[in-house]
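Q: Chains as they are written, first to last, in my numbering: chain X, 28 to 529; chain F, 28 to 529.
Keep in mind that the hints were calculated from the coordinates and are not lab data.
Since the list can't tell identical chains apart, any single copy or any two copies may satisfy a pair.
No more than 20 Å apart at the CA atoms, straight line, and that leaves these computed lysine to aspartate or glutamate pairs for EDC-like:
#  : residue 1 : residue 2
1  : 417       : 393
2  : 65        : 252
3  : 43        : 80
4  : 525       : 359
5  : 64        : 259
6  : 215       : 205
7  : 64        : 254
8  : 153       : 429
9  : 64        : 252
10 : 42        : 80
11 : 64        : 244
12 : 371       : 285
13 : 488       : 465
14 : 216       : 517
15 : 65        : 305
16 : 65        : 306
17 : 40        : 80
18 : 65        : 262
2 protein chains.
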Amino acid sequence: MTLQGTYDSLLQKNKKAIIYQMIQAQLGWDFETYMPKKGGQQRSMQFATLAADIHKLMTDPKIGELINNIKTDPDYSSLSDIQKRNLYLVEKEYNRQTKLPADLVEEIAKHQVIAIETWKEAKAAKNYAMFKPELKKSLDLQKKRAHYLDPDKHPYDVLLDIYEPNMTSAMITRLFNELKEGLVPLIKKIQSAPNQPDTSFLSRSCPISIQETLATDLSNVVHYDLDCGRIDTTEHPFTTGYYQDVRITTHYYENEFDNALFSTMHEAGHAIYEQNLDEAFRYQPLGQAASLGLHESQSRFFENIIGRSPEFWEYYLPRFKELTGDIFADIDAQFFIHAINHVKPSKIRVTADEVTYSLHVIIRFEIERDLSEGKITVEELPTIWNQKYKDYLGVDIEDDSEGVMQDTHWAAGLFGYFPTYALGNIYNAMQLHVIRKELPNYDDLVRTGNLKPILEWLTKKVHQPANLYDPADLMQQITNEPINTKYFIEYCTNKYSKLYAF
Amino acid sequence: MTLQGTYDSLLQKNKKAIIYQMIQAQLGWDFETYMPKKGGQQRSMQFATLAADIHKLMTDPKIGELINNIKTDPDYSSLSDIQKRNLYLVEKEYNRQTKLPADLVEEIAKHQVIAIETWKEAKAAKNYAMFKPELKKSLDLQKKRAHYLDPDKHPYDVLLDIYEPNMTSAMITRLFNELKEGLVPLIKKIQSAPNQPDTSFLSRSCPISIQETLATDLSNVVHYDLDCGRIDTTEHPFTTGYYQDVRITTHYYENEFDNALFSTMHEAGHAIYEQNLDEAFRYQPLGQAASLGLHESQSRFFENIIGRSPEFWEYYLPRFKELTGDIFADIDAQFFIHAINHVKPSKIRVTADEVTYSLHVIIRFEIERDLSEGKITVEELPTIWNQKYKDYLGVDIEDDSEGVMQDTHWAAGLFGYFPTYALGNIYNAMQLHVIRKELPNYDDLVRTGNLKPILEWLTKKVHQPANLYDPADLMQQITNEPINTKYFIEYCTNKYSKLYAF
Chain X
28 MTLQGTYDSL
38 LQKNKKAIIY
48 QMIQAQLGWD
58 FETYMPKKGG
68 QQRSMQFATL
78 AADIHKLMTD
88 PKIGELINNI
98 KTDPDYSSLS
108 DIQKRNLYLV
118 EKEYNRQTKL
128 PADLVEEIAK
138 HQVIAIETWK
148 EAKAAKNYAM
158 FKPELKKSLD
168 LQKKRAHYLD
178 PDKHPYDVLL
188 DIYEPNMTSA
198 MITRLFNELK
208 EGLVPLIKKI
218 QSAPNQPDTS
228 FLSRSCPISI
238 QETLATDLSN
248 VVHYDLDCGR
258 IDTTEHPFTT
268 GYYQDVRITT
278 HYYENEFDNA
288 LFSTMHEAGH
298 AIYEQNLDEA
308 FRYQPLGQAA
318 SLGLHESQSR
328 FFENIIGRSP
338 EFWEYYLPRF
348 KELTGDIFAD
358 IDAQFFIHAI
368 NHVKPSKIRV
378 TADEVTYSLH
388 VIIRFEIERD
398 LSEGKITVEE
408 LPTIWNQKYK
418 DYLGVDIEDD
428 SEGVMQDTHW
438 AAGLFGYFPT
448 YALGNIYNAM
458 QLHVIRKELP
468 NYDDLVRTGN
478 LKPILEWLTK
488 KVHQPANLYD
498 PADLMQQITN
508 EPINTKYFIE
518 YCTNKYSKLY
528 AF
Chain F
28 MTLQGTYDSL
38 LQKNKKAIIY
48 QMIQAQLGWD
58 FETYMPKKGG
68 QQRSMQFATL
78 AADIHKLMTD
88 PKIGELINNI
98 KTDPDYSSLS
108 DIQKRNLYLV
118 EKEYNRQTKL
128 PADLVEEIAK
138 HQVIAIETWK
148 EAKAAKNYAM
158 FKPELKKSLD
168 LQKKRAHYLD
178 PDKHPYDVLL
188 DIYEPNMTSA
198 MITRLFNELK
208 EGLVPLIKKI
218 QSAPNQPDTS
228 FLSRSCPISI
238 QETLATDLSN
248 VVHYDLDCGR
258 IDTTEHPFTT
268 GYYQDVRITT
278 HYYENEFDNA
288 LFSTMHEAGH
298 AIYEQNLDEA
308 FRYQPLGQAA
318 SLGLHESQSR
328 FFENIIGRSP
338 EFWEYYLPRF
348 KELTGDIFAD
358 IDAQFFIHAI
368 NHVKPSKIRV
378 TADEVTYSLH
388 VIIRFEIERD
398 LSEGKITVEE
408 LPTIWNQKYK
418 DYLGVDIEDD
428 SEGVMQDTHW
438 AAGLFGYFPT
448 YALGNIYNAM
458 QLHVIRKELP
468 NYDDLVRTGN
478 LKPILEWLTK
488 KVHQPANLYD
498 PADLMQQITN
508 EPINTKYFIE
518 YCTNKYSKLY
528 AF
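From just these sequences and the hints, can you work out the full model?
A: Following this line, the structure appears as C-alpha cells:
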C-alpha cells in the first residue's frame, strides 16, 4: 500500500470510532433529558455494547501496524503537518488504550459505579468515614492506571495529560501560586469595600417561559447556532455533540433567573467552540477541542468576560427588561451589574463567583497533587480541606457534605481534571488581552451587542485550530507569550476595583 | 460445542443485532422529534454505519453454520418449542438477508431516496407523469427482490410475508371481497340515513396545553405506561421502541382536538403491545410483535373499539369536560358520540372514519396485486384508482395528489404493506367477539373506565405470545376460528345502525 493509502486506512478506522462516539454522546444526551424513568436497563445494554465496540475499534492491532508502517515509510517526511498531527493523536490514544490491562479497565469501571453510589449516600449522611475507603481505592486505581500509562512520569502528570495534554503539575503549581498571591488579597479588598451590592432582586419570581425566551435570545446574541443545536433542561447543565449537532442544557428556577441566564451563556460558550471547529477536520482525530482547559476558556469567556461585563449589560439590559416585562423595571444598570458580580467567598465551587472560583479549584488541585505524591493521606483530607477553605477563602466548613464531599469528580475517578476549570480563566484572560489589541473597539462592540467580530476572532484563533496543537502551544501561538496569570489577575483587579470602588 | 451452547451462541449473536436496532430506533426517534435542523448530515453517517454493521451481524456466515449445526444435531428434537421458534425466526431472517445480492440492496436503497423526493415534487405539482417512471422502477425492484427471496412463490406473497408472515394474496382477496360486500351497502345506508351528526363543535378552539393534558390522561386511562414511554409531537404520529422504552408521538392542532385525542389512543395501542411483550423473550428473536396486522389490531382497538365507543364516552365525557373547562360544556354525550363517529366517504385514507377506512386499503391492495401479476400497468393507474374510488366510495378524485399519489408507501418501495391496516380491523373485531364471551361485563368495564381487565386479556392473549406464532395461527389460538370478516362487519353494522338509527 502507498503511504497515502496506509494513512487513509488508518483515518478510516478512526472515523468509525468517532461515529460510534457520536452515537454514544447522543444516547447519553437522551439519557439525561428525555429517557423514560424505567428505560435505564435497556440503555445500559446499549452503552455497554457501544463501549465494548469502541474499545475494540481503538485497540485493533491493525491500527498499531498501520501506525508503524507509516512511521517507518521512507516517505514519512512527505506527510503534511496536519497528517502528522492526526497520526500523533491516533498513536497517543492507541497507546493509552492498549497499555492498560483489561482487568484494570474493568476494575476501574466497576469501582466507579460503587464509589459514586457510596459518595451519594455518604454525602446525604454527612459521613466522610463511609466514603473514605472508596475514595482511597479510587485514588489507588488511578495511580495504578498512571503507572501503566507511563511508569517514568510523575503519576499526576500522566493523569493531567488526559484532560490537558502535556500540562505538568510543576507548571500548574507555579500558575496557581501566582493566582493565590493575586486573588487572596483582592478578595479581602472586595470584602472590606463599603460598596456592597444589593442582590435581593435576583430572587424575584420570573416565569420559566420568560427564562426560556431569554435563553434562546441570549444564544442568538452570542451566535450559538440553534439550527445546529438546541437547549433542554437537566439538573446539571452540560454541552454535548459534534459540529452540526451540539446541544446544551440549562435549568430554570423561578426565583433564580440568573442561574439559567449564566448557565446558558456558559454552555453556549462550550457549544460555540464545538460548532466552529474547522470543517476540514470533521471525522478526523484533529476534529476536537484542544483541551478541557481551552474548552473552559470559551465557556467562561461567554459566561463571565462577556456575560458579566458592564459593557454587555449596557446593550442587553433594555432588551432584558423588554423580555421580562415589569418584573425588573425598577432596576438600573449599575445596580444590576453590581449584583451579578457579587463576590462572596463561599463553600460551594459550582455556585462560586468569578473571582473566588479559582481558589476552589486551587484547593482541589493542591490536595490531588499532595495525595498523588503521598504527602498527605485520605485520612487527613477533611482537616486539610477545611483548613485551606479557612486560609484561602475565610470560610468555615461545618460538615463534609459541603466540604470534601461536595463534588462527584473524585468518586468518578477524575483526578487531574479540576485544574482545567481554573486554566480556563487564565487562558481566556490572555485571549482577551490580545483581542483588545487586535480589536481596539472591543468595548464598543460589546456595548452595542455586535459580538460577531469577537466571535470571528475566537473562531479563527481558538476554535478553528481544533486539536492541531497542545494547549500550551496553541496559547503561545495566539498570544505570543507563555501561559501566565498576569492578565487574569489584572482583569479581576480592574473590573472589581471599579465595581466596588476601591 | 453442546447443542445448548450452540443455541446460546446463536442467540448471543442475534442479541447484539437487536441492541443495535434499538439504538437505530432511538436515533430515528430523535431524528423525527428533537434533532436540530442541520443535524441531518451527521445523523445519516450514523445511520449508514449502524445499518452496515447490523447487516454484517445478521449475514455473518457463522450464523448459517450455527443454524446448520443445531438442525443437524442428533438431539435437535430435545429443543423446546420456544427454542425452535427462535431458531426458525433467526433462520428466516438470515435467509432473507443473505439471499439478496448486495448490489440489489444498494440499488433499492438509492432508488428509495430518489423515488420519495420525486413523489414529493410530483405530488406538490399534481403531476403523476413525473412520478410514474420512479414508481415503475420501485415496483420492478420489488418484483426482483421477491424473485430473489423465493422464485417459486407468487411475488406478492413473498412481499406480504415480510409484513404479515405467511399471509397470502389469495386469502386477502377472499377476506377483502367479503369486506367489500359487507361494507359498501352499509356505507350507503349510513349515508342515506336522515340522522346525520353535527360535527361543527369539533373545530372549536382547544388550547394545546389542554390537549397535552388530555393526551397524558388518556394514556393513563388505557394503561400506556409513561414510566416506560413518553409523548412528543411530529407531523405524522408514530410509535417506536422496545419493552421498557416505547415512545409515541402525536400532533396538536388548536381547532382539531379530536386529531390528537384519537392519534394518541391509536399510538398508545401500538405502544401497549410493545410494552407488554413477554419479558422472558426480551433480546430474543421472539421478543417482537407477531405482525403489522396484529400491531394494527391493537392500535385500532384502543382508537376505535374502545376510543370511539358510546360506552367509553359515558365514562370519559365528564372527565373530558372537566379537563377542557367550558369549551364543550354544552355538548351532550349522544351528540358528542355521534360526531366522533361521523361516517363520510372521502378521498384521503389517513383521515378516513372507521367504516370507510378498510375500503381505502382494499383499493390499494387490489391495485398492488394486479400490478404484481401484470394485469394492470403503471400507465393505467390513475384511471383505475379513480374508478375504484367512484365504485367503492362514491367519491370523485379531481387530481392525482389526492388520488394515486396521496401515500408515500409506494415511493418507499412498500408493496404488500397496505393490507395490514385492514387486517387490523378484521383481527380486533374477532378479538372483541371472544373478549365479550370471556368478560361478560365488558360493556360495564368500558362504561366505568375500568379497562384493566380488558388490557389483561389482550396482554395474555395477544401481547405476551409476542412472535411465538404466525398471525393466522395466533388468531386461531385466540379465537378458535380461522381469520374471517364476519365479526368486523357485524361490529360495524350493530354500532352504526344504532348511531344512525336505521
